[in-house]
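*Asks:* Letter by letter, the chains look like this.
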Amino acid sequence: MIEQEDIEQRLARLAGATDALRPSAGFSARVMLALDAEAAPSFLEAAWFSARRLVPVAAVAAALAVVWAVQVDNSVDDEIATSYAAVELE
Amino acid sequence: MDILEKAVDRVLSGDRSAFQQIVDATSQKLVRLGARIMGNQADAEDVVQEAYVKAYRALTAGEFDRRSSTNTWLYRIVVNGAIDAKRSRKRRAEASDELVDPGWDGAARAEARVALSGPDDWLAALPADQRAALVLKSMEGLNNAEISQIMGVSEGAVEQRLVRARAALRQKREQS
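Sequences listed follow chains A and B, in order.
For the first sequence, position 18 (counting from the first letter as 1) is numbered 17 according to numbering that gives the first Met the number 0, and the numbering increases by one without interruption.
For the second sequence, position 21 (counting from the first letter as 1) is numbered 20 according to numbering that gives the first Met the number 0, and the numbering increases by one without interruption.
Because the hints were derived from the structure by calculation, they are not lab data.
Worth double-checking, as some hints may not be accurate.
Said to hold, decoys possible - Covered by chain A, per the in silico footprint, the following chain B stretches (three or more residues, Cβ under 8 Å):
1. 12 to 19
2. 22 to 33
3. 82 to 88
4. 162 to 174
Note that CB positions come from ideal geometry on N, CA and C, so glycine has one too.
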C-alpha cells in the first residue's frame, strides 16, 4: 500500500512538474500551414480533376465524330456507286 | 454549446478558418498530453500536428459522427498517434540496436526538457498503451470510463493496463 502511494505521489508530482508545458512559438501557424498543404491539390491531382471535367465533352465529341465518319463513308459509297453506273452506261 | 462545438459547426459548414479556433482552444492540453506520453515536446508537437491534420480531414469528409465530444475525439486521435509513434520509435531502436535520439532540438525549451526527463526516465520501460492509460488516469485526472472512450477499449481493459503499469513500476523500483 505504501509502495502504491509512492507511485501515485510520484505521478502527481510529475503531473505538477509538466503542468506548465505549452506548445512552442508558432505551433498554431505550423498546423495551419500543414492544413494548407493538405488542402492544396498537387499538380497531378489538379490535372486529373481538370481532365475528369472534360470526359463528358470528349465523349460527345467522339460520338459526333463517329456519326460524321459514317455519313462521309455513306456519301463516298454513293458517289462510287454512281460513278460505276455512269461507266457502265458509257 | 461551447465555443469548440460552434467552431466544429463552422468547419462543417465550410469555414476553414474556424479550425484555427479549434487549434487555439485545444493545442495547449493536447501538446502537454502528447509530451507526457512521448517523453519529449518535439515529438509531441509532431504527433499533435498530425492529429490536427487527421481531424480536419475527417471533419471535411463528414467522418466525425459527434457521438463523443470534440475534446474526447481529439484526445483519442492524439493518444492513438502517440502510441503508434512510440511503438514505431521502439521498433526502429530495436532494429538499429542504437539509442534513439530523444528528439530535442534547439527550439525545445529547457524547462520542458527538465520537466519531461522525470516521467520519461521513469515510465520509459512501460509499453506505450500502459503508459498512455497511466498518463490519462494519474496525470490528466480522467476516470476509467473517459479513458475507455479515448482508448477505444473496455473499462476492464483500461483497469488491466493500469494494474500492469503500476506493477511494472513497482517491480522496477524493487530492482533499483
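*Asks:* Would you list, in rising numerical order, the hints stated earlier that this structure does not obey?
*Replies:* 3
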